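Start from the sequences, fold in the hints, and give me the full structure.
If you read the sequence shown in this note's numbering, its first letter stands for residue 9, the second for the next number, and so on.
The set of hints was computed from the structure by calculation and includes no laboratory data. Being a predicted model, the structure only gives us computed values, none of them experimental. The hints are all genuine.
With a straight-line Cα cutoff of 30 Å, these simulated DSS-like cross-link-like pairs (lysine-lysine) come out:
(1) K48 / K94
(2) K256 / K48
(3) K87 / K256
(4) K256 / K94
(5) K256 / K210
(6) K48 / K87
(7) K256 / K96
(8) K96 / K48
(9) K87 / K210
For each label pair, taking beta carbons as the anchor points, the in silico distance ranges come out as:
(10) Q170 / I99: 47 to 57 Å
(11) G50 / I174: 45 to 55 Å
(12) K48 / T207: 44 to 54 Å
(13) F253 / K118: 34 to 44 Å
(14) Q170 / V106: 42 to 52 Å
(15) V92 / F198: 39 to 49 Å
(16) L86 / L237: 17 to 27 Å
(17) I174 / Y115: 42 to 52 Å
(18) G125 / F165: 42 to 52 Å
Glycine residues also receive a C-beta, built at the ideal position from the N, C-alpha and C atoms.
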Amino acid sequence: MNYNATIRFHGGAGDANYYSMYIMIAMFCMLYIISRETNKIGRMVYPFLFLLLMAFGVLSLSRMFLLVVTFLCFLLVLKVVFTVRKSKRLITFIMFIVTYLSIFIVYYSKDIMSAIGLLFSRFTDFIDDPAALTSNRNIIAEQYLELMSSDYIHLIFGIGIQDYHIRSGVLLETHNLLLELFVVWGIVGFFVFLVFILTIFKNTKPSKIFFGTSLIGWLPLLCIGVSFLSINAMSNESSFLLLLFAMKNIYEYERI
9 MNYNATIRFH
19 GGAGDANYYS
29 MYIMIAMFCM
39 LYIISRETNK
49 IGRMVYPFLF
59 LLLMAFGVLS
69 LSRMFLLVVT
79 FLCFLLVLKV
89 VFTVRKSKRL
99 ITFIMFIVTY
109 LSIFIVYYSK
119 DIMSAIGLLF
129 SRFTDFIDDP
139 AALTSNRNII
149 AEQYLELMSS
159 DYIHLIFGIG
169 IQDYHIRSGV
179 LLETHNLLLE
189 LFVVWGIVGF
199 FVFLVFILTI
209 FKNTKPSKIF
219 FGTSLIGWLP
229 LLCIGVSFLS
239 INAMSNESSF
249 LLLLFAMKNI
259 YEYERI
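Pasting the structure below:
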């Protein structure tokens with residue numbers, strides 16, 4: 009396997025990718041406050057805090073952070089474009105973002121370009137080496153799939169969640185939620201889990217809130233969903249806490 013020796017900031021999260029996901033959840037949960045902010049000072053302060061959080065996220069040098077933030081910001085801009093009359097506060101927020109960015113670029117252009125260049129180098133330096141580009145995730149996935157296909161008991165019922173990466177002999181976690189569900193619970197558990205989730209959405213009253221919620225309320229949950237395609241979830245207790253915040257944001261957004 010190939011290892012990337014780049015030093016990445018991970019704060020108190022212990023992992024740069026999880027640290028960047030904490031940042032993203034904070035950023036997109038903040039949109040709930042911004043969309044209802046009536047104070048003029050608040051309208052000026054929150055865009056600055058949003059950019060400050062983004063700057064800390066960039067320090068993680070996480071490819072996941074760049075891809076997820078770009079994707080969700082694109083969705084946010086699309087929402088504003090198609091709902092201009094209902095998005096005046098968001099338009100004001102975006103205008104402040106552009107203004108602050110312009111000021112920062114004028115005074116700190118070298119530092120900003122250096123940080124951006126270092127972040128993009130995480131992509132460009134490994135174009136010819138897929139294993140390094142994905143931080144060996146493709147190799148890890150291949151090893152787990154080989155393990156599961158070699159034992160029908162594991163294939164059907166999984167190998168269990170406790171220290172699965174050690175007991176499997178791979179010694180590295182899956183770094184993908186779907187693969188992790190398959191490895192931990194097997195085919196049976198994977199489909200039982202999907203049926204369980206679909207049943208909750210179909211038979212509970214809160215499902216009306218979920219499907220009637222604005223895109224802004226969904227952004228933190230979308231952030232988690234996309235991010236979990238490149239990091240492990242079930243074996244990390246932080247993932248459940250982040251999921252709680254994201255789902256609570258959906259309810260809070262429609263409550264007022």
